[in-house]
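According to this note's numbering, the sequence shown holds residues 1 to 144 in order.
You can trust all of the hints, since none of them are fake.
Now the in silico label distances, taken between C-beta atoms and shown as ranges:
| no. | residue 1 | residue 2 | range |
| --- | --- | --- | --- |
| 1 | Asp78 | Ile116 | 46 to 54 Å |
| 2 | Arg13 | Leu71 | 25 to 33 Å |
| 3 | Ala42 | Glu94 | 56 to 64 Å |
| 4 | Ile11 | Arg41 | 17 to 25 Å |
| 5 | Lys84 | Pro136 | 51 to 59 Å |
| 6 | Val83 | Lys5 | 19 to 27 Å |
| 7 | Arg13 | Asp36 | 24 to 32 Å |
| 8 | Thr72 | Thr120 | 56 to 64 Å |
If you're looking for bench data, these hints aren't it; they were derived computationally from the structure. If you're wondering where the values come from, they're calculated on a predicted model, not measured in any experiment. Idealized CB from N, CA, C, for every residue including glycine.
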Amino acid sequence: MRVTKNQLRKIIREVLDEQENIGVTVDVEQEDLLGDQDKMRAALLTMYPEKQVDIFMANMSKKPEPLQEALTKTDKADIKAMVKKEVDTLLSKELKKAMEDELVKALKKKNVKDDIADITKKIMKRLYKDLSLQHPYIIDRIKL
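Construct all of the structure, not just a fragment, from the sequences and the given hints.
Structure, rendered in C-alpha cells:
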C-alpha cells in the first residue's frame with residue numbers, strides 16, 4: 001500500500017489537533033524562519049511542546065528517505081502491465097515511423113526498383129506456367 005502526501009498531511013493534522021497548544025499564532029515571518037534555525041525553534045516553541053520541537057528539529061537536518069515496503073504480487077503485476085503497455089505504444093509508434101522512412105528511402109533507389117520488377121516478372125511467369133499446365137480449364141474459360 002502506498003501512502004500519499006495528502007494522507008500523511010491528514011494524519012499529521014489529526015495528531016496535532018490532539019495537542020493542547022494548537023491555534024497559537026507566531027509573530028515571525030516565514031522568510032525569516034527558513035534561514036535561521038534558532039528563530040524557527042523559538043517560533044515552534046510558542047506553538048508546540050518542547051519534546052515535539054526537539055524531535056522536529058532533529059529530523060529536519062536529515063534527508064528524506066523513501067518508504068521501504070515489500071511489493072505484493074498484484075503490485076508487481078500492475079507495474080509490469082503498465083510498463084509493457086507503455087513500451088508497446090512507444091515501440092509501435094517508433095517502429096512504424098522507422099519502417100515507413102526506410103521503405104521510402106529504399107523505393108527511391110533504382111536497383112530496388114529493378115529488383116521489384118524482376119521478382120514480379122518471375123512470379124507472373126510462374127503463375128502463367130502453373131495455370132496453363134495444372135489448370136487448363138481456367139484458360140479455356142477465358143472468352144475472346
